[in-house]
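Undergrad: What follows is the residue order along each chain.
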Amino acid sequence: MNPWAVYALSGVAMFSVGLVGLFSHEHPVKRILASNIAGSGVLLVLVALARREPTGAPDPVPHALVLTGIVVSVSATALGVALARRIARIDATAKAESTGASDPEAGGGSA
Amino acid sequence: MTAALLDACLALCLPLLAWLVLRTESLSQSVVLFVAMGLLSALAWARLDAPDISLVEAAVGTGLTGALLMHTLSWTDERPPDVAARARHRPWAVVAMAALTGMLGWAVLSLPSDDPGLTREVDAHLAESGVEHPVTAVLLNYRGYDTLLEIAVLLVAVLGARAVNPRSERTTPEPSRDPLTGELFRMMTPALLLVAGYLVWVGEHGPGGAFQAGAILAGGGVVALLTTRLGTPRMSSWRVRWALLTGPLLFIGAAVAPLFSGRALLEYREAQAGTVIFVVELALTVSIAMVLWMFFPGMRPARAERSGKEPS
Amino acid sequence: MSLWDGVCAVFMVAGAFFCLAGTVGVLRFPDVYCRLHALTKVDNLGLGLVVVGLALQSGSWATALELLLVWLFVLISSAFTCQLIARAALRRGAAPWTGRREP
Amino acid sequence: MPELRMALAFFLLLNILAGLVRVVRGPTLTDRFIVAQLFGTTGVGVLVLLAADPGQAALRDVALVFALLAPVTVVAFVRFAVGSGPSPEQERR
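From first to last, the protein sequence lines stand for chains A, B, C and D.
Per this note's numbering: the first sequence = residues 1 to 111.
Per this note's numbering: the second sequence = residues 1 to 312.
Per this note's numbering: the third sequence = residues 1 to 103.
Per this note's numbering: the fourth sequence = residues 1 to 93.
Quick caveat, the hints were computed from the structure, so don't treat them as lab data.
Among the hints, a few may not be true.
Stated by the list, open to error - Covered stretches of chain B (chain A as the covering partner; in silico rule of three or more C-beta atoms under 8 Å from a C-beta of chain A): (1) 11-19; (2) 34-48; (3) 252-260; (4) 271-282.
Stated by the list, open to error - If you want the ones that stay clear, here's a sample from chain B, every Cβ over 10 Å from chain C, calculated: (5) S74; (6) R88; (7) G102; (8) E128; (9) E183; (10) L184; (11) A191; (12) R241.
Beta carbons are placed, not taken as given, at the ideal position from N, Cα and C, and that holds for glycine.
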């Protein structure tokens with residue numbers, strides 16, 4: 001079991017944990033964390049495959065891909081969090097309006 | 001022999017920690033576990049001979065993701081988990097995870113284990129790329145097109161994050177003249193600027209570059225934001241817009257310039273390749289730092305309205 | 001030069017021991033404030049000894065200085081970490097341990 | 001000597017795993033965060049030990065970045081998270 005295989009399996013396990021976690025949680029931030037975990041699992045598999053040549057330098061091309069991948073996944077997380085925050089605020093105002101307004105039809109007021 | 005033990009132990013506890021992150025009910029615990037997992041994955045990159053990626057993971061993981069997720073704790077409501085439903089799903093989740101791991105693991109392990117990859121090709125043309133470090137050469141010369149589009153992706157993401165978070169609803173935090181965090185900001189800023197400059201310079205012949213330096217500057221920006229030394233960068237100010245646009249515009253300019261002298265897109269002249277890459281990398285550092293910094297929205301002090309006293 | 005390597009080995013093993021002491025401290029101490037001491041004081045000493053062991057062995061002044069710089073930054077950030085978390089915990093009312101045996 | 005360094009790096013990694021116990025069991029949110037910081041410092045130790053191998057000098061820059069950016073998460077934690085997690089009394093029950 002050479003080292004790259006160990007890390008590749010670990011990446012695969014992280015990906016499956018993240019993917020299953022993505023479907024078994026309703027909380028938006030939890031799902032963002034799950035998709036982040038799945039993403040870093042895939043990146044781990046990529047870099048593990050780049051290290052298959054035991055001697056000499058590892059393959060730089062997957063390294064460049066994974067490097068930009070990490071920065072893009074952070075910006076995706078930040079965008080996801082901003083969207084989740086916006087949805088939470090809309091739900092809060094919608095709930096406040098529906099409890100505040102006595103007549104029923106005002107419930108679905110636009111945010 | 002202990003190296004194999006170290007690798008096995010690290011490779012085992014990464015998915016374990018990932019599972020812990022998603023298993024704990026309360027959000028605040030899973031955020032802290034997630035920060036710890038980012039740290040361990042930086043060690044995994046180090047063990048896989050990928051210092052560039054370990055550097056980016058460290059700069060982005062501890063600098064931004066941790067602070068951003070801590071910020072989410074201040075506005076999310078800890079929804080009470082319906083433990084009954086969760087308990088029903090639990091066995092199915094474990095079965096699904098095991099099956100997925102098994103299938104994908106078999107697929108990955110059946111790949112040829114002696115594939116040399118593209119190392120020889122990259123090293124063959126390294127002399128013409130203008131830099132000595134292969135990863136920087138791939139990032140900014142061989143696959144420059146990829147990095148150019150990736151900067152556009154970052155720009156779109158920050159425009160989206162800011163559009164969704166309109167300034168009218170963003171309350172500015174009251175200036176908390178707290179001597180402790182003020183001192184922290186005063187001591188950290190010179191060190192951050194120095195290390196960021198060092199990383200941009202070292203990117204030419206060693207692990208480093210625009211992404212790592214930009215993430216570190218953004219981390220400093222977040223501290224400045226949290227210690228209310230600086231307000232949130234407003235999208236309306238022209239300085240912020242120019243800072244955002246210097247990277248992409250300069251990169252596009254450097255990419256299009258060879259077209260006028262009869263060469264293909266992004267085909268730098270060999271003599272100036274090194275300087276062109278360095279200038280583009282400097283501009284990218286400014287843009288990436290500004291993008292990652294603006295992801296951090298204007299904050300409301302978590303406790304201020306509820307208990308009416310300054311929480312700092 | 002086995003004596004020189006021996007000295008470096010002693011430093012590094014002592015450093016690892018103090019890291020162990022710090023971890024055990026964080027695990028076993030009864031309340032937040034004691035654990036903060038274990039985290040920021042003991043662990044830093046462990047790291048410092050490891051850094052000194054490595055610096056002596058590195059054979060080049062630049063490497064030794066860079067290692068000491070890393071340790072200096074860890075010291076600075078630990079000082080702030082300890083104070084900030086302790087003040088936040090106190091403000092949130094985490095009761096300090098008063099010596100009674102926990103039930 | 002390289003063998004000793006690798007053994008110590010493995011030993012520190014075992015420390016990090018032992019810290020996982022407190023992360024799972026830790027009563028309050030602050031305890032969990034303290035262990036996350038412990039991972040940070042011990043992680044710097046592991047990186048510095050690994051950086052002494054030939055050709056791995058860049059790992060010292062990684063350790064430097066870790067040491068520099070550690071306060072960012074702490075300031076964010078103190079400012080946001082301390083007020084939101086379940087308060088110590090609730091958790092101790």
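Undergrad: Are the hints correct? Go through all of them and say.
TA: Quick rundown of the hints versus the structure:
1. 11-19: holds (count 6)
2. 34-48: Result for this restraint: holds, n = 7.
3. 252-260: violated (count 0)
4. 271-282: Contact hint for the stretch 271-282 of chain B vs chain A: violated, 0 residues under 8 Å.
5. S74: Nearest chain C Cβ is 13 Å from B/S74, so the label holds.
6. R88: Non-interface label on B/R88 holds, nearest chain C Cβ at 34 Å vs cutoff 10 Å.
7. G102: 34 Å, holds
8. E128: Given that every Cβ of chain C is farther than 10 Å from that of B/E128, nearest at about 31 Å, it holds.
9. E183: 8 Å, violated
10. L184: Label violated. Min Cβ-Cβ 5 Å, cutoff 10 Å.
11. A191: 7 Å, violated
12. R241: 33 Å, holds
When the structure is compared with the earlier hints, violations turn up for hints 3, 4, 9, 10, 11 and for no others.
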